[in-house]
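Chemist: Going down the list, the protein sequences come from chains A and B. Counting from 1 along the first sequence, just add 2 to a position and that's the residue number in my numbering. Counting from 1 along the second sequence, just add 2 to a position and that's the residue number in my numbering.
These are computed hints drawn from the structure, not numbers from a lab. Among the hints, erroneous ones may be present.
When chains are identical, the list treats them as one kind, so a pair holds in a single copy or across two.
[Said to hold, decoys possible] With a Cα cut of at most 30 Å, we get these calculated DSBU-like pairs of lysine-lysine: (1) Lys387 - Lys329; (2) Lys517 - Lys538; (3) Lys364 - Lys163; (4) Lys513 - Lys538; (5) Lys330 - Lys513; (6) Lys129 - Lys513; (7) Lys163 - Lys425; (8) Lys538 - Lys370; (9) Lys305 - Lys47; (10) Lys468 - Lys425; (11) Lys352 - Lys163; (12) Lys425 - Lys517; (13) Lys473 - Lys513; (14) Lys352 - Lys513; (15) Lys538 - Lys47; (16) Lys463 - Lys538.
Note that the structure is predicted; figures quoted are calculated from it, not measured.
Number of protein chains: 2
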Amino acid sequence: PDTIPRTRGLALPQGISKPAFLSAISSLRAILGGENVEINDGELKNGWYMEHPNTHDMMPILSSEEFVASAVVYPGSVSEVQTITQWANQHLIPISPISLGRNLGYGGSAPRVRGSVTIDLGRRMNKILDINAEDFTCLVEPGVTFYALYEEIQRRGLGDKLWIDCPDLGGGSVVGNTLDRGVGYTPYGDHWAMHAGLEVVLPQGEVVRTGMGALPGNNTWQSFPYGFGPVSDGIFSQSNFGIVTKMGMTLMPNPGGYESFMYTFQNESDLAPLIEIIRPLRISNILENVAQLRHGLQTISVKGLPRTTYYSGSGPIPESIIHEELKKTPTGDCTWVYYGMTYGPPHIRKYKTDIIDAEFHKIPGCRKIDPSTLPTDEYFWSRDKIAAGEPDLEELLWTNWVPNGCHIAFSPVSPIRGTDASKLYELAKNRHAEAGIDLMPAFCVGLREMHLIVEIVFDGKDEGMKKRAEKCLRDMIDDAAALGYGEYRTHLALMDQVASTYSWNDNALMKLNEKLKDALDPNGILAPGRCGIWPKRYRGRGWEM
Amino acid sequence: PDTIPRTRGLALPQGISKPAFLSAISSLRAILGGENVEINDGELKNGWYMEHPNTHDMMPILSSEEFVASAVVYPGSVSEVQTITQWANQHLIPISPISLGRNLGYGGSAPRVRGSVTIDLGRRMNKILDINAEDFTCLVEPGVTFYALYEEIQRRGLGDKLWIDCPDLGGGSVVGNTLDRGVGYTPYGDHWAMHAGLEVVLPQGEVVRTGMGALPGNNTWQSFPYGFGPVSDGIFSQSNFGIVTKMGMTLMPNPGGYESFMYTFQNESDLAPLIEIIRPLRISNILENVAQLRHGLQTISVKGLPRTTYYSGSGPIPESIIHEELKKTPTGDCTWVYYGMTYGPPHIRKYKTDIIDAEFHKIPGCRKIDPSTLPTDEYFWSRDKIAAGEPDLEELLWTNWVPNGCHIAFSPVSPIRGTDASKLYELAKNRHAEAGIDLMPAFCVGLREMHLIVEIVFDGKDEGMKKRAEKCLRDMIDDAAALGYGEYRTHLALMDQVASTYSWNDNALMKLNEKLKDALDPNGILAPGRCGIWPKRYRGRGWEM
Ligand SMILES: Cc1cc2nc3c(=O)[nH]c(=O)nc-3n(C[C@H](O)[C@H](O)[C@H](O)COP(=O)(O)OP(=O)(O)OC[C@H]3O[C@@H](n4cnc5c(N)ncnc54)[C@H](O)[C@@H]3O)c2cc1C
Ligand SMILES: Cc1cc2nc3c(=O)[nH]c(=O)nc-3n(C[C@H](O)[C@H](O)[C@H](O)COP(=O)(O)OP(=O)(O)OC[C@H]3O[C@@H](n4cnc5c(N)ncnc54)[C@H](O)[C@@H]3O)c2cc1C
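Okay, chain A solo, but in the shape it has when bound:
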């Protein structure tokens, strides 16, 4: 695996001398055991998805040494997590929790502040604490991956009864993905909405259980998400207000059958009318899952071959080549591909697929692809697995598009409307053309909104391309904000910029976030800067980027 050259030495937390840091680390070692505290002073190895580093962002868009931890600690229990927060408060050392650290495209396992101590919760706290086949719920620790949960359900012989929902890659953690408000592709795709109950260690070390978890002896922590009084779960997602040590998740009952479908649309300009057709179908649940409408180029890139297989010129790959290549695939020539799934017994599915078919065919040139004509290694079958709650990894293949394939995401939210889809698509297209980067957009249609997900694939060793990719992203964020679109989630490097677009009434929401941050974390030790929220000790001192 590739390594990152170290030019800046050990990433010490700002304002802490090396001896003070080493002595603080020794005292932590004394409590947690030497094997559970690692100073990050060796090589910075990049690895790959399955062997990802927990010390830095393996897909750096800025300087490779920017988002780097000083040390990594492995707590084995809630009380050890409490101990770590107390230690951090005592030494004023920033700490940054990850569950698995596979948040690729958004910063991976890296801390926002160079020199933070990463708390790798997943390594030792990875138990499935409960799977309840009556209530269709589970309770997991941070280290439980979608794969692990899926496999445990099968192992217990409950696979016929309980489904999980997973994102496109199954190696992430249920907890980390949900806290970053990730999405999956069954009807349970809105992970945040589907969670029920958190256990959180607050920045000063207190442990809280939310919802019914606060009632001793309860048996509804995972079945009723609210409890009594304020619902505080939300403030622990996309924030730096606490460290989640347990999370409840609801599980989907086996719907009694399912069926994937795939439609292609010929013209770029089909986008707007198609989105108009999708909206009412999606809101009324005729389209039942967070389906993907992808650009044809993704059908090519997800085959896993480098772009040079198809084109070696500079600038974005010409449309004519995309169409030529698509003609050779089972998908056939097209501009857009819709992947969906319908659920339930056959006659219920038929009711829905008949409506969908009639509606989609209102777009001239629309083609339904018969799955039985597709080879078993076709990407369609990966989507089929995922939409049925079975984890997969095939989505990784498009990172091969350029050498040293890294990626970073632009993910604005918009209504499910033709005009909005067109505006966002045009905006992305123009900025990609300027930057000379291939555009691979996918519209992920939620219930009343859609996320446009544009993954910029870049060569992690090509400094010029990194600069262009960063500029392209920052321009798209600004362009989108000017039109009223905001990102639902973002990479560490872009958090300040994205947060600053949510500026209504003189940044009132950020001021509220800062008030909460200062109340909960007066010493500012927990993940400073995450999602643009800086604690008092850092605020106004030039940390924003």
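For chain A, the structure is supplied; the task is to place chain B with the ligands on it using the hints.
Modeler: Just chain B with the ligands now, with coordinates in the frame of chain A:
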């Protein structure tokens, strides 16, 4: 309408002299206009549901003069709400916001702290700001009732397209009901889950918009509930952290048909096996709405006649009489009645009703009541309307059960399990028998949990009965907590007790709530004590009850 005798005089805020109070009120009058600030020094009239008072709890379980406001103010704009909070901070006068103040059973329009100034938002801030028939959303001010929203949708000719969801009584406000996490009876019954976007005036006067509302020029405030960074909406429900001035709500698309159904079950002991049958049907959405499983006594009481029509002895009405009376009704003899609705076109409904019918008939003696045999004034038709999103008022009728009919609710949350249903039912039955009060339980089945709703109907002028009702409630809360059940919502008088049952880890959740409260409301002016959350100025000074 009945009046409450005044023995304690004007309810001054604690620690404020009468002259200081009057002078503060004059200064508020000078800003808001004299007609928008009323001192509450006249008669305390009780009125009825449609002409409810905004000055006190018209259904007092404690002393009638406990939950009484010193004055009522009527802001006409967000900036006037800001002004009021600033005024309150200046004079250290507690303020207590209501939207409509029809929170009957939970304290009505009353403040928790006697002498608070009630902010009646609904009177002047009652506009429907948006109804979006493409996204199926709306944006409303606090004074918009379920009736008003429903009627405006019809007026715009959108009734065929957009459904609302309403609680059993349609005269409450969308905002107030949702903030108290109320429930309704279509598939959109979980109002909190269905809202999207808040505008909130914080206790110190700043205005915040949550979610996408924080992005200037956005068009997704009502279609994507999360935005970027922490989701703060939850902390403004069942709390005293802010005053909500606008709220977004999603609307249900017309499902293309619907059909109410009603089943009766003969024996008390059918409860447990029936609940076991309901659980998997509900979680898999074969049972699609928050249905109600009601005790037969409610079928009698909701006819609106006083209990003396049927029984004039003391103690709970004997079971034999309930059965005798039921025999005379179209419902027929039974112990439990299930009201549900199925949605969609006929063949889709049939798929579901066939399953439901087969499953329910596993209970010996189960009877499906044919709606065509029911007279038009039968309560069934009220449930039919409500489950189809049409507001109604018929539910009020059971308050006639005793003279001066008041009521107060016991609403614990439990899993959808037979054993839990039985335990809660037994507990309520025993405590009602002890108190000599008729038990009218309804199980409202959510998705993975159910709320048992027991409304104690009491005579507001019978001090002995009030004492018995209060004791019965407090005993049930303690009994339930000992078994692991907690209330989802409660009356002002019981908030401290209920909050204290959510005590895990040395009241860690309440300590978190207090930390947030102190950060947002350092002077403790906003609704002190609501949901058991006391600000620093009040804490530990004997305010709890
Ligand atoms: C090819 C590809 C496809 C992808 N497709 C999807 C997709 O379909 N949907 C999707 O949602 N994502 C997708 N991703 C992004 C990402 O891989 C997943 O979201 C992944 O699940 C996140 O990583 P993780 O679960 O290991 O979370 P982590 O990296 O462990 O956590 C993410 C962040 O959440 C916070 N956090 C984590 N745990 C805690 C905790 N216990 N307490 C407090 N804060 C915590 C931290 O800030 C952390 O950085 C994709 C990525 C790639 C490379
Ligand atoms: C017969 C009967 C049947 C009922 N059935 C149901 C039912 O099926 N489902 C159900 O949910 N309820 C039910 N209720 C209870 C109650 O009537 C409704 O919930 C009603 O909608 C609440 O009153 P409201 O909307 O006027 O809210 P309000 O009384 O205006 O608000 C409730 C509380 O929320 C807070 N609040 C309100 N507005 C704001 C604001 N803008 N900012 C900050 N805080 C605010 C205040 O603390 C206030 O006291 C029933 C009551 C009766 C009498």
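Chemist: Decide, hint by hint, whether the structure agrees.
Modeler: Hint-by-hint comparison with the structure:
no. : hint            : verdict
1   : Lys387 - Lys329 : within (25 Å within a copy, 55 Å between copies)
2   : Lys517 - Lys538 : both (9 Å within a copy, 17 Å between copies)
3   : Lys364 - Lys163 : between (37 Å within a copy, 22 Å between copies)
4   : Lys513 - Lys538 : both (11 Å within a copy, 22 Å between copies)
5   : Lys330 - Lys513 : neither (54 Å within a copy, 64 Å between copies)
6   : Lys129 - Lys513 : between (37 Å within a copy, 28 Å between copies)
7   : Lys163 - Lys425 : between (43 Å within a copy, 28 Å between copies)
8   : Lys538 - Lys370 : neither (56 Å within a copy, 64 Å between copies)
9   : Lys305 - Lys47  : within (26 Å within a copy, 75 Å between copies)
10  : Lys468 - Lys425 : within (25 Å within a copy, 63 Å between copies)
11  : Lys352 - Lys163 : both (22 Å within a copy, 23 Å between copies)
12  : Lys425 - Lys517 : neither (36 Å within a copy, 44 Å between copies)
13  : Lys473 - Lys513 : within (28 Å within a copy, 45 Å between copies)
14  : Lys352 - Lys513 : neither (51 Å within a copy, 53 Å between copies)
15  : Lys538 - Lys47  : neither (34 Å within a copy, 51 Å between copies)
16  : Lys463 - Lys538 : neither (36 Å within a copy, 56 Å between copies)
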